[in-house]
Each structure stands twice: as C-alpha cells, then as structure tokens.
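Colleague: Protein chains in written order, with the numbering used here: chain V, 1 to 112; chain A, 1 to 114.
Among these hints, one or two may not hold up.
From the structure, some residues in chain A lie toward chain V, with a derived Cβ separation under 7 Å [said to hold, decoys possible]:
#	residue
1	Y10
2	F20
3	E22
4	P39
5	G42
6	L43
7	F105
Hints were generated in silico from the structure; no laboratory data involved.
All residues carry an ideal CB built from backbone N, CA and C; glycine is no exception.
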Amino acid sequence: GQNIDQPTEMTATEGAIVQINCTYQTSGFNGLFWYQQHAGEAPTFLSYNVLDGLEEKGRFSSFLSRSKGYSYLLLKELQMKDSASYLCAVGVYSNSGYALNFGKGTSLLVTP
Amino acid sequence: DVKVTQSSRYLVKRTGEKVFLECVQDMDHENMFWYRQDPGLGLRLIYFSYDVKMKEKGDIPEGYSVSREKKERFSLILESASTNQTSMYLCASSLSMYRDKGYTFGSGTRLTVV
Numbered sequence: 001g002q003n004i005d006q007p008t009e010m011t012a013t014e015g016a017i018v019q020i021n022c023t024y025q026t027s028g029f030n031g032l033f034w035y036q037q038h039a040g041e042a043p044t045f046l047s048y049n050v051l052d053g054l055e056e057k058g059r060f061s062s063f064l065s066r067s068k069g070y071s072y073l074l075l076k077e078l079q080m081k082d083s084a085s086y087l088c089a090v091g092v093y094s095n096s097g098y099a100l101n102f103g104k105g106t107s108l109l110v111t112p
Numbered sequence: 001d002v003k004v005t006q007s008s009r010y011l012v013k014r015t016g017e018k019v020f021l022e023c024v025q026d027m028d029h030e031n032m033f034w035y036r037q038d039p040g041l042g043l044r045l046i047y048f049s050y051d052v053k054m055k056e057k058g059d060i061p062e063g064y065s066v067s068r069e070k071k072e073r074f075s076l077i078l079e080s081a082s083t084n085q086t087s088m089y090l091c092a093s094s095l096s097m098y099r100d101k102g103y104t105f106g107s108g109t110r111l112t113v114v
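Next up, chain V with everything else stripped away, as it sits in the complex (with noise of 0.2 Å):
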C-alpha cells in the first residue's frame, strides 16, 4: 500500500522560506512530484525528483531521500501569489503499470 505525509496548512510571511516536508511509505518507488494547486484550479507541476539529493529552480526547490522516504519543497523569497495547496505525489510502478499518488496536500496561506 501507499502512505503519503505532509502537513495539512502552514502560514508563513511575505519574503520569507517555507519548507514543506513529504514523507512517503511505498512500493514500486520511481519518482517523487510536487504540484501546486490554487483554489478553484487544477494542479500544475512544479518539480520532479527521482535521485537523491537537491533540484534547484527558481525560487523553488525539491529535495529527496529514498532511503528516509523524505522530501521537502522550499519556497524562497514568499509571495503572495505562492498561497496555494501543495501536493506531494509519489510515482509507482505496479502490475497494472505507472500512475501517480498524491498525498492530500499542504495549503499554504502568505500573510503580508
């Protein structure tokens, strides 16, 4: 089975770093995504992790670990625009192929 943690809201200020953490438990692991989701939208990809370590781009980043089953987003320099839902969604492969799950998401509210 698949079990994916995150928080369910963090509030953070204009200009400041968030990091959002993602714990995963899993089989068949091949990826980790985070999406973000505003109110009333679909989910647009952000980034995508498949070896340890750190991507960079922009003002996001994504980190992940398979051994801890860990990631965590980093939004740097906040704006107000970036009050959104954030989902972690790990990528599996089972006898029925390749598909996504997502856990149920971080909201996100900036505060001036």
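Guided by the hints, dock chain A onto chain V, whose structure is given.
Modeller: Showing chain A alone in chain V's frame:
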C-alpha cells in the same frame, strides 16, 4: 503546451442517472488518468489507461467505468450516480517517455449528485 480539456466545468445530476465525464488531450499522449478530489482526502486515482481500449483500475474504481476508443479521449462513466460521488473530477495525461514532466491536468469537473 499540452492542453487537457474537460467538457463541463460544473454538472448537476440526479441520483440514479448515468453520467458521462469527457476528457480530451491534444498532444498525442499515451497515458490518461481520472482522479477525484475531496476535502481532507486529496486526489484519489479512479482509473487510468495506457493505450486505446486499455484500462486499469486505480484505488477507487467502484461505481465507475471508463472508455478509451480514441487516443485523445478518455471518458469516465458513472453507471448510476449516487450522492457520495459528488466531487471534483480531474483528468490528466502524460507522455510515457518523459515521466519527469509529470502530468498535465484538465481544469476539473465539479459534479453534484442530488
């Protein structure tokens, strides 16, 4: 950019009706997926498909079926709608060779069953 289009943004249906949710993608993606999203439960995989006429059950297929007669179109069918199927339904597609690109999602269909 890949575009994934879901035919309806909002739907209201009656209990017992047969409901069709349509999804079309325009970039020749092999893989297509249907999820539902509920508060406190996140996105849950209903069905997915890797090719025309192929389908695989996800985590919560009960009460649903799918159809993929053409590569670009993946339909989700609620055989007899029930109130517990009131939800946001999200379709997604991906190109299997480039997993690192993730999924592209449609805008979602918010279905209310009364």
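Colleague: Each hint needs a verdict: does it hold in this structure or not?
Modeller: These are the hints, each one checked on the structure:
| no. | hint | in the structure |
| --- | --- | --- |
| 1 | Y10 | violated, 11 Å |
| 2 | F20 | violated, 20 Å |
| 3 | E22 | violated, 16 Å |
| 4 | P39 | violated, 9 Å |
| 5 | G42 | holds, 4 Å |
| 6 | L43 | holds, 4 Å |
| 7 | F105 | holds, 4 Å |
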